[in-house]
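First to last, the sequence lines map onto chains U and H.
When we follow full-length UniProt numbering, the leftmost residue of the first sequence carries the number 1, and every step to the right adds one.
When we follow full-length UniProt numbering, the leftmost residue of the second sequence carries the number 1, and every step to the right adds one.
Wrong hints could be hidden among the right ones.
It does not matter which identical chain is meant; a pair holds if it fits inside one copy or across any two.
Simulated crosslink set (EDC-like; lysine to aspartate or glutamate; CA at most 20 angstroms straight-line) [claimed, not checked]:
id	residue 1	residue 2
1	Lys76	Asp42
2	Lys76	Glu206
3	Lys111	Asp2
4	Lys76	Glu26
5	Lys111	Asp220
6	Lys111	Asp124
7	Lys76	Glu87
8	Lys76	Glu105
9	Lys111	Glu84
10	Lys111	Asp138
11	Lys111	Asp142
12	Lys76	Glu65
13	Lys76	Asp17
14	Lys76	Asp138
15	Lys76	Asp220
Hints in this document: simulated from the structure, not taken from any laboratory.
Protein chains: 2
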Amino acid sequence: MDQPGAVLFDAYGTLFDVYSVGQTAERLFAGHGQALAAGWRDKQIEYTRLVTTSNHGAHYRPFGELTRAALRYTCKRLGLDLAEAAEQQLMDQYRTLTAFPESREVLQALKARGAVTGILSNGDPGMLDAAVRSAGLDGLLDHVLSVDGIRKYKTHPDAYQLGVAATGLQPDRIAFVSCNGWDALGATWFGFRTLWVNRYQLPFEELGTPPERIGSSLRDVLAFF
Amino acid sequence: MDQPGAVLFDAYGTLFDVYSVGQTAERLFAGHGQALAAGWRDKQIEYTRLVTTSNHGAHYRPFGELTRAALRYTCKRLGLDLAEAAEQQLMDQYRTLTAFPESREVLQALKARGAVTGILSNGDPGMLDAAVRSAGLDGLLDHVLSVDGIRKYKTHPDAYQLGVAATGLQPDRIAFVSCNGWDALGATWFGFRTLWVNRYQLPFEELGTPPERIGSSLRDVLAFF
Chain U
1 MDQPGAVLFD
11 AYGTLFDVYS
21 VGQTAERLFA
31 GHGQALAAGW
41 RDKQIEYTRL
51 VTTSNHGAHY
61 RPFGELTRAA
71 LRYTCKRLGL
81 DLAEAAEQQL
91 MDQYRTLTAF
101 PESREVLQAL
111 KARGAVTGIL
121 SNGDPGMLDA
131 AVRSAGLDGL
141 LDHVLSVDGI
151 RKYKTHPDAY
161 QLGVAATGLQ
171 PDRIAFVSCN
181 GWDALGATWF
191 GFRTLWVNRY
201 QLPFEELGTP
211 PERIGSSLRD
221 VLAFF
Chain H
1 MDQPGAVLFD
11 AYGTLFDVYS
21 VGQTAERLFA
31 GHGQALAAGW
41 RDKQIEYTRL
51 VTTSNHGAHY
61 RPFGELTRAA
71 LRYTCKRLGL
81 DLAEAAEQQL
91 MDQYRTLTAF
101 PESREVLQAL
111 KARGAVTGIL
121 SNGDPGMLDA
131 AVRSAGLDGL
141 LDHVLSVDGI
151 RKYKTHPDAY
161 QLGVAATGLQ
171 PDRIAFVSCN
181 GWDALGATWF
191 GFRTLWVNRY
201 QLPFEELGTP
211 PERIGSSLRD
221 VLAFF
């Protein structure tokens, strides 16, 4: 197979390490940090799906708003009293994430191989721009693609189609990298050549259609070349 | 407002008590029954959303198959070795559920008031028919509507539209009852008059649009009349 002309990355949990969110949660709610961070993340993803599916997307809201709603729900669910300052502190974490240690080196190696690079994320443009700058990845990304313009979240095919439109390449010339199994599955179904970076030794989804590659670090994307 | 001409119920967790699934899980995997039952349910719902959203539903599979896939995933995730006999035992539970104690009496009361009654469920027809018979609710339901014919799961509007098509009533003449917050939200967004039966004292979803009624038992549906 030809090598990909472009490599698109998921953002949260893939290029950007969201571990610090859990640390802040633990500092604010001792003994509940892990449950809060995990429940918050699950609810955030659930909300992206509910607004995408229901009434043909009429209830779309940007990722930042859904993230805040998910935080509020999860605190209520866990019986945690979320003061305004704590809410803002947790939300601000999403704007100042660090990149995974290998993110920078992998993007540089891809540029050296002549690949177009980009992010294709559920995040809204403001959140993504802040995270890219905070993680020091500006200058290494040709595209920062947000679903916000089309008001549908991954795994809707219109979301993955953004990568086709931005690069001018057919899906089978685009490599897609995600640490989220569901995202790797959706991208594979869409037609991208997909690497699932399985950082946490999880089973893959049981819906058939494995991704082309499964790895343990972003470095494994170089095997496409 | 006019009283509803029809009342449609969600099935699993609403009319049918899925508690026995957790009991069987605990008997098979002592100490892990609760985690297995909860994880299984979450994954089952997640899979309905993934196949509905991705590639415009091209990856649809009936609820029974998704339920089995979700069970396999969750056991792998929890490091539980799922033998074939145990898998079948857990799957069979879904066919032999009991109804919640008030289900029968509420359906009878609705019939006495002249209301059309029905189920509108993600379950496939085989699963639903078995559960209706097992719970002794046959004869009290005018409609047993499965999304299987349209190959899209709730909260897709086409799923709720099945209720409109079957009853010939506009959405605002149909009361919809669910114990699942996300389902009550989707039904409200669709335009049904909705009762969320909050059996487990959970917070409602933080996406606005509260249901018309929130109750603690199916009996609360009688307040529509």
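Checked against the structure, which of the hints given earlier come out wrong? 6, 8, 9, 13, 14 and 15
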